[in-house]
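Quick mapping for you: the protein sequence lines, in order, are chains A and B.
First residue of the first sequence? That's 1 in the working numbering, and the numbers climb one at a time after it.
First residue of the second sequence? That's 1 in the working numbering, and the numbers climb one at a time after it.
It is worth saying that the hints were derived from the structure and are not from the lab.
Some hints could be false.
Capping the alpha-carbon separation at 16 Å, the derived lysine to aspartate or glutamate pairs in EDC-like fashion look like this [as the list claims (entries may be wrong)]:
| hint | chain 1 | residue 1 | chain 2 | residue 2 |
| --- | --- | --- | --- | --- |
| 1 | B | K433 | A | D86 |
| 2 | B | K471 | B | D255 |
| 3 | B | K433 | B | D157 |
| 4 | B | K433 | A | E95 |
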Amino acid sequence: MLASLGTVLGLPVRAAGIVANDPLPERLAALFPHARASARALGIACRRAGACAGTPQVLAEQVCADPAERHRLTRCSVEELRAWIDARIRADFTEGRIVRVEGWMLSETEARLYALVAAG
Amino acid sequence: MLVDARTLSAGTVVTCDVAIIGAGAAGITIAREFIDTRTEVCVFESGGTDYSAETQMLAQGGNVGLPYFDLRAERIRALGGCTGHWGGDCRPLDPIDFATREWLHDSGWPFGLETLKPYYERATQVLRIKPYATYDVDRSQVQSQRPGLTSLRFAEDAVELRRWQQSGPLRFGKAFRDELERAANVTVYLNANLVRFGTNDEGSVIDSIELAVLQGPRFTARARLFILATGTIENARLLLGVPDGKGRTFGARNDLIGRYFQEHPAFSELAMLVPAERRPLSDFRDEVDMLSFGFTEAMQRRHELLNSNFFIEPRRIGADPAGVVSLRRLSGAIRAGRLPDDLFEHISRILADFPAVTDYTYRRIFKPTSDVVGYFEIGFAAEQAPNPDSRVRLGDEVDALGIPRVELDWQLADIDRENIVRTMNALVQEVGKAGLGRIKLLFAEDASDWREHLVASHHQMGTTRMHPDPKRGVVDENCRTHGVANLYVAGGSVFPTSGASSPTFTIVALALRLADHLKEKLA
Ligand SMILES: Cc1cc2nc3c(=O)[nH]c(=O)nc-3n(C[C@H](O)[C@H](O)[C@H](O)COP(=O)(O)OP(=O)(O)OC[C@H]3O[C@@H](n4cnc5c(N)ncnc54)[C@H](O)[C@@H]3O)c2cc1C
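Bound conformation, chain B alone (with noise of 0.2 Å):
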């Protein structure tokens, strides 16, 4: 069932068992899972079923830290959350995100992969997408597909192929509202914000809510388990800033909570992989699955590495003949008896064009139509460090409900800096070793200028970590906050580490051990 909360008289108490708060992709999944059972669900959604400015508003903060999107317009507060407009990329975490690594500060989650993966398998259905062994990579299927990829022939033991998913992107909003909509022992309200907790005198129980509807009615919610869902950034807020009936916060009682807030930075144009064996760009191209190289676990632990994913954009030559004009230039020039000062731009183009110059005519090469890779763009998106100073906080501003607006302070810290240094050595070792090509690299020797690469990527994990020790958590593994007899959190700030993987896969995979979790616990 669907309430619009502006509906409701002040005052209302609505009586459940489960109290989800927020309604994305994390809030919906949990409430499916209980459509048709005897369990009575409340789900309070701050938006309506469509965008609404004013809403949004609500979302409204500061970035005081790297260069951020701007949070109003980054966090859809309408049914459905951020899926609204996420871009559907799904991947699970690879089995070393999950471990404790002795070169990573505060890694490792309380379970592995194994324990996840029949969740994974359940999360394929709720977002569209085939089945987990999916992500197996078939080689034989690429080298059909895109035999370009394949013929980066690297050593199996230190580069892998990895397989992405598209899953629409499904809009959970629209794909699951009819079915919230007929649910009847599940109902949605709308415009219901959450301003207020109610707990018992040492606050470690939560007997009930208060919602806020934007110039409209308060009204209370009684459950006996409640669910924290809105996002790795307001998941903090509201546990930072929403107070107790006696004026207490979460936030005075766990000082981890809006910490190790965590992105996927993203370095582009780090570098540029001039290949040796040249190839139709038509064999590096496929609508169907996106595909990433990333290092085996082994390489990450041979060289320290942080996860993460490799991006190669194949370069056409026919396009950008430079390597021939540079060619031309530098005879001219040296001809004329002199050198252009630009000297090795001209040479790394020449040697992007070396087979091409030996191999083709200029004719050839200037033909518009020509279709050949002659270099490969190279970025990657990394798993970030956890960094307890890069985090989330109250700013001082208020919203137009009370609730203090957050400050994202996002920091990278040094050893992030450092793993593009390793990374990109490893890649230039492991391309020169399996001679498919050169590298050359675009930035820094020691990557001071990483600043000019990055790129965020839209994926906020972190803030509300999981850990069964509550000095080093704010969730057990479990995801039931610390301290706290019936409050869950749900979303991607429940992540230790954040892997390279896009999260809401894994997002959806806990939302779904959630559930089975609370079933448990009502039983």
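If we strip away everything but chain A, and leave its shape as in the complex, we get (with noise of 0.2 Å):
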């Protein structure tokens, strides 16, 4: 989806609560350069309808919970990360794991994205 809503990479954001020694949560929150104020909203949503909650390092570590894979998209390139992104999020519609905010049916993944700006 994040790929299809047309969104492109543009400068990274820098949002206050990302641990400066864990580039993922800001290269996950960079993934909305555009849509950066909707992806907010979503996300503010997203932890008002209590789908997703935590600071941005716990929501990158549910959005990747493996260390050596959190290591390898810290490294990788943006194509790769969003393939990545892609790519967990059907798998999650594929198990399942939807969230319904405010009757939007997102994957886990993408709400925890959304909700990871929102705390930035």
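Put the two chains together into one complex; each comes in its own frame, and the hints tell you how they fit.
See below:
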């Protein structure tokens, strides 16, 4: 969805609350360069709906729990990161990891990404 | 030959081999099959060749269940029956519709699609539509005619495209009137209403029927075989309410008569799909044939779904640049340090316009001629679970001929509500899996607000259900009434389950099958 939403990677977003020594939350937050306000608003809605909670660090860890994979994602190209997220979102839908936020049926991963932006 | 029964003298006795009661899609189809054979056929039709308000009053009845159409206006009492105002949409049942499904109580037809296929083929000629093979969707043709639909690339083992055909709509009364008029061995008695069955002592054989003209004579018809083809509600009403010479009714013998009334509950505005790929509206439009989406048999089995058809209605963003308006309003609100109360309504619109906001300039979106699909409204028409409490019964009032009026108690069961949730959740998954966009559900999580979305489809089925076991059905696999040697029933009332396709194509196919069976019987 991210790619299909037409978002284009731009400058990284410097968000408060992101742990400085782990670049992954920041990389994930930067996936919404043009629609950041919307992603933030969505994130607020996700949090309000109780669909996800936690600091950007916690949310990033929920997006990718495997340390080795996390390590790779902090270094891979943006295209690879996008592809990984896309696959992850599709897998969420396949396996029924879906959250309902004000009627919107979102994958857990994308809801966490929005929440991560909102936490920034 | 057409005969106005008002011209008959009281006490007239007509004799034939086959007496058909009701000249709608089913009755006319059966009668036509006998034209130029050696079988004498009489058709007794309540109405005339045209609509009459007085005759129409005979169809009046009450709705005591879910909101339903005015029964008097719904069922035309004239030559051609309801085909006088039907929509003409034709689609065969799917193979799974005939199957016994563990998750669906009282499901299962006595035969499968293969049995009905040759009759569907013949029914295409009656309905003047293209051959049966047309229903096999040719994706390359869809691709060229409506590329938008094939661009919604669902997993093929999960969601299928289904083709419908449009019959005109064929008005049976007008289309076949001349043919019936010319037929030497078929006589259609107009303005003739069934008011009494004449049976043997046991009530197991019908030897005659009595027919009445409104404010006119009563006359008798003798025949070897009788076919009740008066529509789903009237078929039940007449079996429940028309007595024999001893004052007995068939309803007293079989409590299943009138039960299992089924519609195709349609649920509108259930969801909106924001597509990942933006395409012009023209990619989805085609005047030729209607297409719907439906879950494959494998999906229905996996998720224990009732069959249904999704109708995906494209909506333009050019005409409603709400997303852009919302984005402006939202950013204005955020800048002013507050969030709008209807935050998510704005967010949904923004989501709808994500690509537009990034891919297009505001000016382009606001251009009134913009033809881009912004979102799809999703609704579906479902198979209704067979439900004995959903029923036609007799009311306290009688009509001008002394036959009790009906009360329709249309009910949906819990499984129908659960099916909304299961079906839409399955769709959410398929859309997400295939990366086609995102869905916003517009109903409560448990679909407890289903009534607000419910619309009936004008499709009535199930009140004299077919089952080989007399304890489980009203008619057997040949549509013969259990316990009566020579009374057959034609029409949607014999459907044990309704599938999700409009019923008339199947009604006509079953009528052709019944005609073949009767010919064998008479031989
Ligand atoms: C608005 C509307 C739109 C529809 N659109 C579609 C569609 O797009 N696709 C589809 O598949 N189906 C559609 N249908 C349903 C379709 O019209 C019916 O399935 C079909 O007409 C049923 O055929 P039938 O012969 O069983 O009954 P009918 O067509 O109802 O015919 C029954 C006949 O019996 C006569 N009769 C009744 N009582 C007596 C009596 N006591 N004595 C003698 N005669 C009697 C009636 O006058 C009538 O002529 C629609 C229906 C409506 C109302």
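Consistency of the hints with the structure:
1. Between K433 (chain B) and D86 (chain A) the alpha-carbon distance is near 10 Å, which keeps this suggested pair within the 16 Å criterion.
2. The straight-line distance between the Cα atoms of K471 (chain B) and D255 (chain B) is roughly 9 Å, inside the 16 Å bound, and the hint therefore holds.
3. Pair hint K433 (chain B) plus D157 (chain B) holds up; C-alpha atoms about 13 Å apart against a cutoff of 16 Å.
4. Distance restraint check for K433 (chain B) and E95 (chain A): the Cα-Cα separation of roughly 9 Å lies within the 16 Å cut-off, and the hinted pair is therefore satisfied.
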